[in-house]
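Number 183 in the UniProt record's numbering belongs to position 183 of the sequence shown; there are no gaps in the numbering.
Bear in mind the hints are in silico, worked out from the structure with no lab data behind them. A few of these clues could be false.
Claimed, not checked - Here are the computed lysine-lysine pairs in the DSS-like style, where the Cα-Cα straight-line distance is at most 30 angstroms:
| no. | residue 1 | residue 2 |
| --- | --- | --- |
| 1 | 174 | 398 |
| 2 | 142 | 174 |
| 3 | 58 | 42 |
| 4 | 475 | 42 |
| 5 | 471 | 58 |
| 6 | 58 | 142 |
| 7 | 58 | 475 |
| 8 | 471 | 398 |
| 9 | 142 | 42 |
| 10 | 174 | 42 |
| 11 | 398 | 42 |
| 12 | 475 | 398 |
Said to hold, decoys possible - Just the calculated beta-carbon pair ranges, DEER-fashion:
| no. | residue 1 | residue 2 | range |
| --- | --- | --- | --- |
| 13 | 301 | 169 | 49 to 59 angstroms |
| 14 | 122 | 52 | 20 to 30 angstroms |
| 15 | 65 | 437 | 27 to 37 angstroms |
| 16 | 437 | 115 | 56 to 66 angstroms |
| 17 | 289 | 440 | 41 to 51 angstroms |
| 18 | 170 | 426 | 18 to 28 angstroms |
Please read these numbers as outputs of a predicted model, since none were measured by experiment. We put the CB at the ideal spot given by N, CA and C, even for glycine.
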Amino acid sequence: MTAVMPRRPQPVHVCIGAPRSGTTWLYENLRRSGTLFLPCVKEVRYWWGSRSDAERHKVLANRRISHEADAEQLDWLDRWEQTQNVSAPDYLDLMARPDRPSLDISPIYSTMPSERITALRDALPEASRVFVMLRNPFERNKSVIRLHGYMRGCFRGPMADATLLRYLESGFQKRHRDYARTVRLWRAAFGDRFGIFYHDELQADPERFLLQVQHFLGCPAVCKIDAEVARTVYNTQREGRPRAVSVLTPRQIELIARLSLNDARAFAGIDPVRAAMWEDRILPLCGDSLAVPPIPTDPDPVAELLRLSESLGETCDFALFQRDSGYEPASLLRWSQTPLDEVMALLDASGAEQVPNRFRFRADLAGKNGLAGPQTPLSAEDAFDWLRTRFRFQLNKKPGLYVVTTRGPLTDTHLMSLRDRLWAWDRRHRLLHVHSGPATDVQAGADGIFRAQVPLVEAGCARADWQRLFKNLAKRTDIQAMTRRLFG
1 MTAVMPRRPQ PVHVCIGAPR SGTTWLYENL RRSGTLFLPC VKEVRYWWGS RSDAERHKVL
61 ANRRISHEAD AEQLDWLDRW EQTQNVSAPD YLDLMARPDR PSLDISPIYS TMPSERITAL
121 RDALPEASRV FVMLRNPFER NKSVIRLHGY MRGCFRGPMA DATLLRYLES GFQKRHRDYA
181 RTVRLWRAAF GDRFGIFYHD ELQADPERFL LQVQHFLGCP AVCKIDAEVA RTVYNTQREG
241 RPRAVSVLTP RQIELIARLS LNDARAFAGI DPVRAAMWED RILPLCGDSL AVPPIPTDPD
301 PVAELLRLSE SLGETCDFAL FQRDSGYEPA SLLRWSQTPL DEVMALLDAS GAEQVPNRFR
361 FRADLAGKNG LAGPQTPLSA EDAFDWLRTR FRFQLNKKPG LYVVTTRGPL TDTHLMSLRD
421 RLWAWDRRHR LLHVHSGPAT DVQAGADGIF RAQVPLVEAG CARADWQRLF KNLAKRTDIQ
481 AMTRRLFG
């Protein structure tokens, strides 16, 4: 009787980033190739940086709708939903496929400590490979600022130079920037099963780049990919976003370049040719000095609180205070005199599939708040549509201070209903209700709502009262924890 040899398990390949270096492009093109199994959730984040329960539930709901006809992906989502503790058997049950290799693209893995890297190595089938995509540090760091700053809500309104420096020099961002450390740790664990690919080469020849990745993974190479798809760029400058995202100042470009120059030079021990190429491109952007200024250790707490504050209507008073303080935040309702029931209707509206292409939502409000939505210029219409999406799917994932101002009566029932909607996103959100009247100190109610009064702010007459209110808020430990989470 002939013995049946057990089948070798199919490889589970892993792409560890780097963030903002073309991993979404790779995901979209490999997904279309059919040579690998890629889950419908691009970033699995099994071994490191797992999503919160609330975020995971949102992802699951959206993916189940968009993949309702795909039994394999629905089965994968069911198993992904059940993952709790990290273990090798559970990971293979989640990712391994009997008929073809699979690929886990999780850029956050590049920050994993060595012991977790070793655990992943020991869990993977023998033929599995790991690789990283590296981008010119200046271009990557600039993209990080745009995405994780303006897009994710870390910076609302004009960004101070010190805020930019603190963000890029935070421990988490420094680990992402340290290409040399990443390569050394992963190469030590995987040896010749670890590969490096460069974003420069993706830009120069997308088709050739994709073939090289497939060759490294040992899977059948797709000889040709759709030229339009191959050159699609996945970044923050699509879908009208430049009109809604603040522009970096020349000084901030120089600061990013100086930090990035150090990052490029640190990579010389890994690839001196590539490091020199990056350095040549970054040096002209550094200005008249290569020195990175020290990061101020005493940021203005009111300025930071303003950056994480979001206006919810009903009047424009808070927006006027923000403008008077030097901020033009991309808030959803910054200039709308919107009744609170309309605000809550917005928050209750369903998902991305109903986001309008033009300004219909603003026009819907026109009947009650007097705004001429249909006559708004096209660029503003596009910006508002994007701001609505940004508010619903991005800003509310970060803890923030939501401000509603009123001149007329507003019941506690209305306020608590609004608070409950905010807490459904994140229990760390805070609601501040400011009523028109003689200035009072801020009061923290047992219901979790801050309350205060200020006079009307036309002509800036109440700026000092708003400033005093925010100074008192910034002294609270829960508010300080909120600012540390975003800016620390």
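Quick rundown of the hints versus the structure:
Proposed proximity of residue 174 and residue 398 is supported: the alpha carbons are some 21 angstroms apart, at most 30 angstroms. Taken as a hint, the residue 142 and residue 174 pair is honoured in the structure, with Cα atoms around 14 angstroms apart against an allowance of 30 angstroms. Between residue 58 and residue 42 the alpha-carbon distance is near 14 angstroms, which keeps this suggested pair within the 30 angstroms criterion. For the hint pairing residue 475 with residue 42, the CA-to-CA distance comes to about 40 angstroms; that exceeds 30 angstroms, so the pair is violated.
A C-alpha spacing of about 35 angstroms is found between residue 471 and residue 58, which places the hinted pair above 30 angstroms, so the restraint is violated. At most 30 angstroms may separate the alpha-carbon atoms for a hinted pair to count; residue 58 and residue 142 meet this at roughly 28 angstroms. For the hint linking residue 58 to residue 475, the alpha-carbon distance of about 33 angstroms lies beyond 30 angstroms, and the restraint is violated. In summary, the hint linking residue 471 to residue 398 is supported, as the alpha carbons are separated by about 21 angstroms, within the 30 angstroms threshold.
Distance restraint check for residue 142 and residue 42: the Cα-Cα separation of roughly 22 angstroms lies within the 30 angstroms cut-off, and the hinted pair is therefore satisfied. Our distance criterion of 30 angstroms between C-alpha atoms is met by residue 174 and residue 42, whose separation comes to about 24 angstroms. Annotation: proposed proximity of residue 398 to residue 42 holds, straight-line Cα distance about 21 angstroms (limit 30 angstroms). Between residue 475 and residue 398, the direct Cα distance comes to roughly 20 angstroms. Compliance with the 30 angstroms bound is thereby established for this hinted pair.
At roughly 19 angstroms, the beta carbons of residue 301 and residue 169 sit outside the given window of 49 to 59 angstroms. The supplied range of 20 to 30 angstroms is met by residue 122 and residue 52, whose beta-carbon atoms lie about 28 angstroms from each other. As the Cβ distance of residue 65 to residue 437 is approximately 46 angstroms, the hint placing it in 27 to 37 angstroms is violated. Taking 56 to 66 angstroms as the suggested C-beta distance range, the pair residue 437 and residue 115 conforms, at roughly 58 angstroms.
Taken as a hint, the range 41 to 51 angstroms holds for the pair residue 289 and residue 440, whose Cβ atoms sit roughly 48 angstroms apart. A hinted range of 18 to 28 angstroms holds for the C-beta pair residue 170 and residue 426, which are about 20 angstroms apart.
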